Amino acid sequence: MDLLSRQGLRTDGRRSDELRRISCKMGVFNQPDGSAYLEQGNTKVLAAVYGPHEIRVNRSKAPNDCAVINCQYSMATFSRSERKRRPRDNKSAELTVHLKQAMTTAIKTDLYPKSQIDIFVEVLQSDGGNYSVCVNAATLALIDAGIAMEEFVISCTSSLANGEVPLVDISHLEETLGGPSITVAILPISGKIAMLETSQRMHINHVEPVLTEAMRGCRYIYDTLNKTIKKHYEEIGGALNWGTEEYNI
Amino acid sequence: MVMKVTSKTFIRKTKRGNILKIVREHYLRDDIGCGSLACKKCKRNGEKPLEKNPSVDNDGVPDKHYLLLDTNVVLHQIDALEDDTLKNVIILQTVLEEVKHLSHSVYKRLMDLIGNHSRCYYVFVNVYHKDTYVERVRGESPNDYNDRMIRVSALWYNKHFDGKIKVLLISSDEASKAKAINEGIPTMSLEQYVKGLNNVTLTDKLSNRNSVVEEISKEPIFPPHLTPAQIHMGIKSGKLLQGTFFASNDNFLEGNVFVEGQEKNILLQGREHLNRAINGDIVAVQMLPESEWSAPTNLVIADYDDLELENNLNNTVQPKDKHPTGRVVGIIRKKWRQYCGIIQHSVVENATRHLFVPAEKKIPKIRIETRQYDKLKDQRLIIAIDTWPRTSRYPLGHFVRSLGKIGEREAENEVILLEHDVPHSKFSDQVLACLPKETWTVTDSDFFGREDFRDLDICSVDPPGCTDIDDALHCMALKNGNFQVGVHIADVTHFIKPGTPIDLEASQRATTVYLTGRRIDMVPGLLSSNLCSLRGGEERLAFSCVWEMTPNAEIVNSSFTKSVIKSKAAMTYEQAQLIIDDQNQNTAIAIGLRQLNKFAKILKKRRLDAGALVLASPEIRFLMDSETRDPLDVEVKQLKETNSMVEEFMLLANIEVAKKIYSDFPEFAVLRRHPKPPPSNFESLIKAAAHLGVELNVDTSKDLANSLDKAVKLDNPFFNTMLRILATRCMLQAVYFASGTKTYDEFMHYGLAAPIYTHFTSPIRRYADVLVHRLLAVSIAAENTTPELLDKRKIDAICQNLNVRTRMSSYAERASVALNTHIFFRGKIRDEEGYILYVKKNALQILIPKYGLEGTLFLSPRKGQLQMVTFTYNEEEQTQRCGQVVFRTFDPVTVQLSLDSSNVQHERIVLKLVKPEIPNFSIPSSIASTTTVQQTQKNPKPCDSSSEPLCKKPKV
Ligand SMILES: [Zn+2]
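In order, the protein sequence lines correspond to chains C and Z.
Reminder that position 48 of the first sequence reads as 48 in the UniProt record's numbering, one-by-one numbering, no gaps.
Reminder that position 675 of the second sequence reads as 675 in the UniProt record's numbering, one-by-one numbering, no gaps.
In short, the hints are calculated from the structure, not lab data.
Only a predicted model underlies this, so the values are computations on that prediction, with no experimental measurement involved.
Certain hints may be false.
Said to hold, decoys possible - DSS-like cross-link-like pairs, simulated, lysine-lysine; straight-line CA separation at most 30 Å:
| no. | chain 1 | residue 1 | chain 2 | residue 2 |
| --- | --- | --- | --- | --- |
| 1 | Z | Lys4 | C | Lys25 |
| 2 | Z | Lys159 | C | Lys227 |
| 3 | Z | Lys828 | Z | Lys713 |
| 4 | Z | Lys362 | Z | Lys335 |
| 5 | Z | Lys195 | Z | Lys159 |
| 6 | C | Lys44 | Z | Lys21 |
| 7 | C | Lys227 | Z | Lys4 |
| 8 | Z | Lys159 | Z | Lys87 |
| 9 | Z | Lys840 | Z | Lys915 |
| 10 | C | Lys91 | Z | Lys13 |
| 11 | Z | Lys13 | C | Lys44 |
| 12 | C | Lys44 | Z | Lys130 |
| 13 | Z | Lys130 | C | Lys25 |
| 14 | Z | Lys218 | Z | Lys108 |
| 15 | C | Lys91 | Z | Lys21 |
| 16 | Z | Lys218 | Z | Lys195 |
To be verified - Computed footprint of chain Z on chain C; a stretch qualifies when at least three of its residues, placed anywhere within it, have a C-beta under 8 Å from a C-beta of chain Z:
| no. | segment |
| --- | --- |
| 17 | 11–17 |
| 18 | 163–177 |
| 19 | 203–209 |
Claimed, not checked - Pair ranges (Cβ atoms, derived):
| no. | chain 1 | residue 1 | chain 2 | residue 2 | range |
| --- | --- | --- | --- | --- | --- |
| 20 | Z | Arg12 | C | Thr198 | 51 to 59 Å |
| 21 | C | Ile193 | Z | Arg606 | 23 to 31 Å |
| 22 | C | Arg201 | Z | Pro228 | 56 to 64 Å |
| 23 | C | Arg201 | Z | Gln508 | 48 to 56 Å |
We put the beta carbon where it would ideally sit given N, CA and C, even for glycine.
Next comes chain C alone, as it looks inside the complex:
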């Protein structure tokens, strides 16, 4: 199957530079300090943030001058088409580490000494770019929790079709059919890179165009989410009607 037809359309009808539809909702739970639900295409993620609160575990090892960030990435057993009892735990552990790395870059940890911030993300439905959607959802939840950040941290995954055309925001089908992909998490205003990973060995000539496309995707997601958040707070500010509505873009 071709990832990009001669007419320039991908397997789901998008052009190479089009992202999937984004839809999000903030403050979906009352229990956590912050929460968000994010859909990018058919990948659906829930994020919850607790904190800052007192450090509960390993208090002696914790640094004095900044906050401890605790992350947990998990996948719902029903999230993928082939249901498994414990969906790939090694992978989850790895993604947890990457998630923590990306989020730590953005959070102003020095404002919260001797405290802990817990970030939980759960993939409800998986259709490609799981990690990226989790980072973006976690960002929304952190904002919802009112935790101070340098700026947003936004992630996007990108790969290559026919050996030459970069594809932005790839779906699961494109992940499995295509070659190596790049996942990047950036701070969109400063352009700092918080996390960068390739799925497998990628030829040096391909890195630049694919990475550029992924970063462009990040900025697009940033613009979209930013608008939603502004609209969200305008409305709460106006009606004190705590985010119960869904905002589509």
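Given chain C, put chain Z with the ligand in place with the hints provided.
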């Protein structure tokens, strides 16, 4: 832009048997245009290939119109569609996908049509268009769903153009046609449409499928095929077997089915058991009960004319060595292609139904309809098969195009090229645009990163008339008593950059093909005969291997570098030999050549000691008339010491480069392996040799080489060469592969007895060498890697193509030799010495070394002939006996050669026995012959090559 999104849900079964529900997003767009230049509505109408004023010269359709094809029309009428008269065609994405799924070859041809701007084809991506996307209804079959999508798009188009231009749905299925008309879509079949164009040629090109209807009333003569579902069940339960059908070369009512994983092929005999399988088809086979098993008839039957003979013999035969035998119950995948051939002579005047005789013997005759018999009867034609109904003895097909007059060199060459699928069209403009200017010369900037070897005494040695010189040599004494030896190869990759059109074209072509009197280049002539060719006295870019060698030809130091060279002389083998032999010549070139020759002898001995095989394939050369380009005479190629000298150094360079690129690229190195043939390949040869008291040991290549060396018979000086020729035919093909796809043990080149081998020395005429050059360039840091070079899957796919093309090109080259042999024998009768290669039940297969020709000497009478004597066949001993005369493999015979042109379809060389004399069978020696006397001196020397086919240049 605004996109609607919907989702596609489908259920799929995994390999483990789990049921999956898969949900995918499906975006619907509003920026897909209709593709017409006449349209002002479509905002973001990208490509617009459809003409503003499409022509209206069709009697049946008075309005301006575009055509919209349904899937079956594309699949069955692709030959008619390829005719230039049909223009302004809309192909729906739905149709495109279905065609791709159902037939790859038609898909490729359709894509070529779409890419051809003069044909005005537009692909409308209906499945992503917001107005033409339709969801599948519960319970709707995939076929119905596709048909509905096609109708929805046709309706949309007609509405979109508002009647100003009609969009005509072309469909052949009566039911779906009726449905479309019912919905108000202008619809007709392609036959109806073409009728309105009044074009005879185009009418002939229409598929013949509809004549099935006429035939249906007749009694079926073939058993029915099972349905795909039945076949599937049968194969699953083990009752049926799936395999590839190979028609027999000699007997058109016999064939074999090769089943993967099965040791023995399944034998098929008789028309009903073959059941309409055509050579290459993937078939489903049912085994017969063991009591009905049979043995190959070992007969040569070329035509129905020989059938009576077969019946006579069949009754008398009690097969001893029974083969698993079966019958075809269904055809899983048809491998039909277009066939070259000729119309069978017809006596009925004004008949429209004719028989077509394919050039390839393995293909049955094909029934076609044409109104152009008078025009086509003496032409070489291309025909496609449409269908093979149960009621028809022959498959039904239609005319595609004519190649030219029978017997004319151009037409015959075209047949050879097409039959062997050799890409030979002119290089496209995109390819030619990649070429440097004709006035290109080496400039100062070219010296960057290159050694300046212009002062070295480099020379090249090639066959006479060679214009694509890709290798040159030099040798120079060093102060320490050692020698510097250099092999310089044309730097083709300097001009052919990866991924460019010229690169893709060369990769497709894979090799230059040498027909007699015509060369089909892999790269355009400017490169192959000029800028890359290492001509004498001209500065050229090269890729050099430079070794320091001890006087014992041990390499102490080796290096690879890009360079600039200036060859001092481009010589023929003969010229080089003269210089070496003439002790008065003491130029640097002469001294160098002598030293190289010394080294070559040492290297060759070392190689043979290691077990390399000296095999033989008779190579001949035609002396051509420069005016008529007809062959004047034939001679066996004489091999000189210098042939072997060049060959040894090419082998050395190839092996050294193979080691280097493999050590740097263990996964992606392009290598060449020659697998060890299975012992069973040698069985009949061992048996035949044993009858003459010669024992062959085939355990290792060294054992084989030794026993071949020992096998000499004083009374038959050609015996040893014969053995080597036959041994060559027991070999497997050498193949290219990516190193990561095999284990190191499998790299072995059996014929050369080398653990690792590749092709580096002929980049002008072989694409494998181009890849190897690129790898080596990266290895020595002369160039950067490219993504394609490091993609194991891609490299492996390229290798597969190279293997197929290389094999086909060698077949084409053989066919070209046969063609010229026929031309040579027109009007000639010659007595020649020959040797028996194989003893068959009704014939002897005879090799005539002088012409490198193999012919059949029939021992049983052909139809309509009376024969006074009979031969007794002894299967066990492989002999034919008649009175006192016994024929065995390897026996010398004298035969009379002549050309039988009575059958215009297939000219063939006819052999008649002259010696030994058999009263009432052999014929007297013809007076015209004067050539038989010195025969024995003209035997070809064995030539050094593994199982490689014959070619103009030594293949190493
Ligand atoms: Zn339009």
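Evaluation of the provided hints:
A hinted pair counts as satisfied when its Cα atoms are at most 30 Å apart, and lysine 4/Z with lysine 25/C qualifies at roughly 20 Å. This hinted pair does not check out: lysine 159/Z and lysine 227/C have alpha carbons roughly 40 Å apart, beyond 30 Å. Restraint check: the Cα-Cα separation between lysine 828/Z and lysine 713/Z comes to about 33 Å, which exceeds 30 Å; the hinted pair is violated. With a C-alpha separation of about 13 Å, the suggested pairing of lysine 362/Z with lysine 335/Z holds against the 30 Å cut-off.
Of the supplied pair hints, the one linking lysine 195/Z and lysine 159/Z holds, its CA atoms being roughly 27 Å apart against a limit of 30 Å. This hinted pair checks out: lysine 44/C and lysine 21/Z have alpha carbons roughly 17 Å apart, not beyond 30 Å. A distance of roughly 21 Å separates the Cα atoms of lysine 227/C and lysine 4/Z; the hinted pair therefore holds under the 30 Å criterion. A distance of roughly 21 Å separates the Cα atoms of lysine 159/Z and lysine 87/Z; the hinted pair therefore holds under the 30 Å criterion.
Taking the CA atoms of lysine 840/Z and lysine 915/Z, the gap is about 19 Å. The hint holds against a cut of 30 Å. Note on lysine 91/C and lysine 13/Z: the hinted pairing holds, with a Cα-Cα distance of about 25 Å set against a maximum of 30 Å. Restraint check for lysine 13/Z and lysine 44/C: satisfied, since their Cα atoms lie roughly 24 Å apart, inside the 30 Å limit. A C-alpha spacing of about 25 Å is found between lysine 44/C and lysine 130/Z, which places the hinted pair at or below 30 Å, so the restraint holds.
A distance of roughly 28 Å separates the Cα atoms of lysine 130/Z and lysine 25/C; the hinted pair therefore holds under the 30 Å criterion. Restraint check for lysine 218/Z and lysine 108/Z: not satisfied, since their Cα atoms lie roughly 37 Å apart, outside the 30 Å limit. Restraint check for lysine 91/C and lysine 21/Z: satisfied, since their Cα atoms lie roughly 23 Å apart, inside the 30 Å limit. The hinted pair formed by lysine 218/Z and lysine 195/Z meets the criterion: a straight-line CA distance of about 28 Å does not exceed 30 Å.
Taking a C-beta to C-beta cut-off of 8 Å, the segment 11–17 of chain C contributes 4 residues in contact with chain Z, enough for the three needed, and the coverage statement holds. For the segment 163–177 of chain C, the proposed coverage by chain Z is satisfied: 3 residues have a C-beta within less than 8 Å of a C-beta in that chain, meeting the threshold of three. Counting residues of the segment 203–209 of chain C whose beta carbon lies closer than 8 Å to any beta carbon of chain Z gives 4, which meets the minimum of three for the stated coverage. Remark: the range hint 51 to 59 Å for arginine 12/Z to threonine 198/C is contradicted by a beta-carbon distance near 29 Å.
A hinted range of 23 to 31 Å for the beta carbons of isoleucine 193/C and arginine 606/Z is inconsistent with their spacing of about 58 Å. Checked against the hint of 56 to 64 Å, the pair arginine 201/C and proline 228/Z fails, with Cβ atoms roughly 42 Å apart. Between arginine 201/C and glutamine 508/Z the Cβ separation comes to about 28 Å, which falls outside the hinted range of 48 to 56 Å.
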